[in-house]
Structure formats: C-alpha cells, structure tokens
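Colleague: With the hints as your guide, set chain B onto chain A.
In order, the protein sequence lines correspond to chains A and B.
The numbering used here numbers the first residue of the first sequence as 1 and each following residue consecutively.
The numbering used here numbers the first residue of the second sequence as 1 and each following residue consecutively.
In short, the hints are calculated from the structure, not lab data.
Since the structure is predicted, the reported quantities are computational estimates derived from the model, not experimental observations.
Over 12 Å on every C-beta distance to chain B, these chain A residues come out as not near it, computed from the model:
#1 GLY87
#2 SER89
#3 ASP91
#4 TYR206
#5 THR212
So the derived list for chain B, only partly shown, Cβ under 7 Å to chain A, looks like this:
#6 VAL130
#7 VAL134
#8 ALA146
#9 VAL147
#10 MET169
#11 GLY171
Where is the CB? At the ideal position from N, CA and C, for every residue including glycine.
Number of protein chains: 2
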Amino acid sequence: MKKHFKALSFDVFGTVVDWRSSIIAEGKQLNAQWGWGLNWEDFADRWRELYQPSMEEVRTGRRDWVILDTLHRESLLQLLQEFGCEGVSEDRIDHINRMWHRLKPWPDVVEGMERLRKNYILATLSNGNVALLVNMAKFSGLPWDAVLGAEVAQSFKPMPEAYRTTTRMLGLAPEECMMVAAHNQDLQAASRLGFQTAFVSRPLEYGPEQKTDLEAQGDYNIVADDFIHLAQQLYC
Amino acid sequence: MKKHFKALSFDVFGTVVDWRSSIIAEGKQLNAQWGWGLNWEDFADRWRELYQPSMEEVRTGRRDWVILDTLHRESLLQLLQEFGCEGVSEDRIDHINRMWHRLKPWPDVVEGMERLRKNYILATLSNGNVALLVNMAKFSGLPWDAVLGAEVAQSFKPMPEAYRTTTRMLGLAPEECMMVAAHNQDLQAASRLGFQTAFVSRPLEYGPEQKTDLEAQGDYNIVADDFIHLAQQLYC
Numbered sequence: 001m002k003k004h005f006k007a008l009s010f011d012v013f014g015t016v017v018d019w020r021s022s023i024i025a026e027g028k029q030l031n032a033q034w035g036w037g038l039n040w041e042d043f044a045d046r047w048r049e050l051y052q053p054s055m056e057e058v059r060t061g062r063r064d065w066v067i068l069d070t071l072h073r074e075s076l077l078q079l080l081q082e083f084g085c086e087g088v089s090e091d092r093i094d095h096i097n098r099m100w101h102r103l104k105p106w107p108d109v110v111e112g113m114e115r116l117r118k119n120y121i122l123a124t125l126s127n128g129n130v131a132l133l134v135n136m137a138k139f140s141g142l143p144w145d146a147v148l149g150a151e152v153a154q155s156f157k158p159m160p161e162a163y164r165t166t167t168r169m170l171g172l173a174p175e176e177c178m179m180v181a182a183h184n185q186d187l188q189a190a191s192r193l194g195f196q197t198a199f200v201s202r203p204l205e206y207g208p209e210q211k212t213d214l215e216a217q218g219d220y221n222i223v224a225d226d227f228i229h230l231a232q233q234l235y236c
Numbered sequence: 001m002k003k004h005f006k007a008l009s010f011d012v013f014g015t016v017v018d019w020r021s022s023i024i025a026e027g028k029q030l031n032a033q034w035g036w037g038l039n040w041e042d043f044a045d046r047w048r049e050l051y052q053p054s055m056e057e058v059r060t061g062r063r064d065w066v067i068l069d070t071l072h073r074e075s076l077l078q079l080l081q082e083f084g085c086e087g088v089s090e091d092r093i094d095h096i097n098r099m100w101h102r103l104k105p106w107p108d109v110v111e112g113m114e115r116l117r118k119n120y121i122l123a124t125l126s127n128g129n130v131a132l133l134v135n136m137a138k139f140s141g142l143p144w145d146a147v148l149g150a151e152v153a154q155s156f157k158p159m160p161e162a163y164r165t166t167t168r169m170l171g172l173a174p175e176e177c178m179m180v181a182a183h184n185q186d187l188q189a190a191s192r193l194g195f196q197t198a199f200v201s202r203p204l205e206y207g208p209e210q211k212t213d214l215e216a217q218g219d220y221n222i223v224a225d226d227f228i229h230l231a232q233q234l235y236c
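Chain A on its own, in the form it takes in the complex (with noise of 0.2 Å):
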C-alpha cells in the first residue's frame, strides 16, 4: 500500500525515454545523410554496455566526479574505433554524443506525466547530467518541475547520495518521495534508503530480446504497465 507522499523522483533512460529506438531511429537518418553503413542496432547496444562499467570507475573512486556527457563521448571514441569508423570530425563526433540528449519519450509518458504533476512534484533521479536531462525536457515536452540526480549529488546511482541529495534537495524526507523505474536494483536501492517505489514494466527497453528487469522483483508499492497505469493507481 501507498502511503502519503508529495514527490515522484524517476530514474530516466529505458524509463521516461525509450533510448534504444531513438539511438537507431536517429543513426540511421545520419547513414543516410553521411553515407554511413554502420549497424544501429549493434551500436546503440554496444554504447549501452560501456555504461554502467564508465560509472563504475567513478563509483569506487578510482575516478573523480565527471559527468555522463564525458563518459558517453569516451565510450563512443571507443566505438568508433571498434566499428571502423576513421576520422570522424569533432562536430560529428559532439553530434552523435548529443543523441542522449535527444532521446525520445515511450508513448504514454507525456499524458501520465501530465496527470501525476497536478498532484505531484516530479523529479528526475537520473544518472544523467542536467544540461542532458534539460535539453531532452525541451526537445520531447517532458514536464519535469525539478531536475536532480547524480550530477548535483556528484554521486551515480546505485550509490545512496544520488539519492539522498535528491530529496535533501526537495526538502522532503525519502518516504515522502516516490522512486519511479523500470529497474529493480533501483528501485532495491531506493527501497532501502526508505523512498517508496513503483515499477514501471519497459520489456522492450533493451530490444525484443530483453531478458532483464521483465518483472517487479521487490515488494513495490506499485507495479504498473506504464505511465498511464501509474497515474490511475495514484488517483490522478
């Protein structure tokens, strides 16, 4: 059961934005305008992969505090290389690191959230960094009343002061605040900082294969099939 609470915080990429189609949907227009061949499809699971192992540099210290953006650019010199693309210009190479911040939202994100924020604080509680998370707000029309997360917590999530900063910063205590994500060891971490939790079910984030997070695996205070879902459950 849900208890009183004034904030939603939300965990952003597979979650709000569906990452892996708008990688592929936007690298393929950049094929054909730059006479590319690259595989989209192998690349934007690739880039993904090298995510949680850049953080986790940061995370255990042997790395300062750099933001997502920095990460994201390093991986994808990386790739580059890896799939045989030489010489690539440094506008290009911004442009393309700039998909992150053009990420696309799943269809039912804008109307639910739309709907929790008559009632709600909603906040992000993202690895992204805020001029990302600030630039995707404007280009998909996400309604976010605060932009928070790692980079004002100079600390990744799993790690508990992304979060905790997060609601010091909403001035609310964390069981007054909600985590919303489509993944379970967010929520876990969460969950056990004392922030409520709903699981939002994205089983095609990682492409029709997916084999992870397919399921709530917690005891949540929601489990819902979308945004849409989750704001019905919440009276909104």
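Modeller: Positioned in the frame of chain A, the structure of chain B alone reads:
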C-alpha cells in the same frame, strides 16, 4: 546589442515574484485567522533587511553552507521576538517561514515566461534553495526548465561560483546565458563573468518608497519594463 545565446537565468525574489506584497497579503490573512495584530508591512521589510547580512556570514566563510530556508527561519525567530510575539508554536513558525515558498509573480511574469521558453531554456539563478523554488513554481505556475543557483553551487550570489555552477550545469559558456534581474549588483556580477544581461525594472519591489534599482546602471544588453517587454525585444 544581444548576441546569440541559449538560456535565460533569472533572479527570482523581486524580479520574478513580488515578495513584499505576497508576504503582506498572507500576513494579513494570518492576523485575521490567528487573531494577531502584526504590522506586516514593517515585518516584511525587516525580514528582507536581515536577508543580505545573514547570507554574508556564509559568503565570508565565517559560517558553513546553509540553505536560505534556514537563514529565513533564524531571522524569523529574531523578528517574532522583536515584534513581541511570544510562544508561537513550531507549526506556525514553519507555516510563516514557508510564505517564501508561496510568493506570487508580478502580473506579466507567466505570460512572458511562456513566450520566452519557446526559444530559450529558462533557469532560476536565485539565492533561494531548490525546495523553496520548486514549491513556489508549483504554487504560482512558473514554467522553469531548470531550478539552479545558490544551493547546487553551495554559494550565494554575488559570489562567482553561484553563476558559474549554473552555466556549467546547463552545459553552456557564460556568454551563452543571459542573466535577467531587477538588481544592478546581480547583473554587474554576472556581466563580469561574461553573461549577457537584461535589466527588468521593478520599481515597487520595496514598496512605494523604493529608492534603489529604479534604473539600469550598467551597459546591459537589454533594458525592459517587464517580462513581456523582454520577450518582445527577444522576438518571442
């Protein structure tokens, strides 16, 4: 002349919201509700007089970082004593302190912001803490793209770090951002760091007897009568 820029960063107290009239109006309601006889004109003016000295303790390093809600509350306790209010409950003290979360915008603000946000990122660059600004935006319908400023920088304006952290988090150079304020000191500090600047006159911020900031005192990119006039000059 203005150059190309991507974001507008706004001072909030006085520039976006009419703190003095808001506090007086809500205070008079409390007088009626609670049977108090406080002079809220004097109370609001005294509260704001303690604002700069309280932040100065932090700016000089004599005191560790604290958010504005904390400084407001300390000033409030001092003033309740000064005005002869004794034995006020914690709940009422909190309620009065959160008047700053419920300030109302000047009449031109929401329309002006709605026009500006079609072409630009709109961010707070305020000494208010995130929760205060998020709650105020929710209460008054202010469509921010990002809530930044002193708290995320752990530094109060006009310290350079408050401005620099805001543009860094937006992924922008200072010259890609235009600071909007009704206060010359704020704009001069931003201008020294490379921001573009817009002065918006708010001749009634401090009430009918206001003597300061009646005119633009600097070579600003834009001087405007209100936010609609600002939007017009930016072709929004």
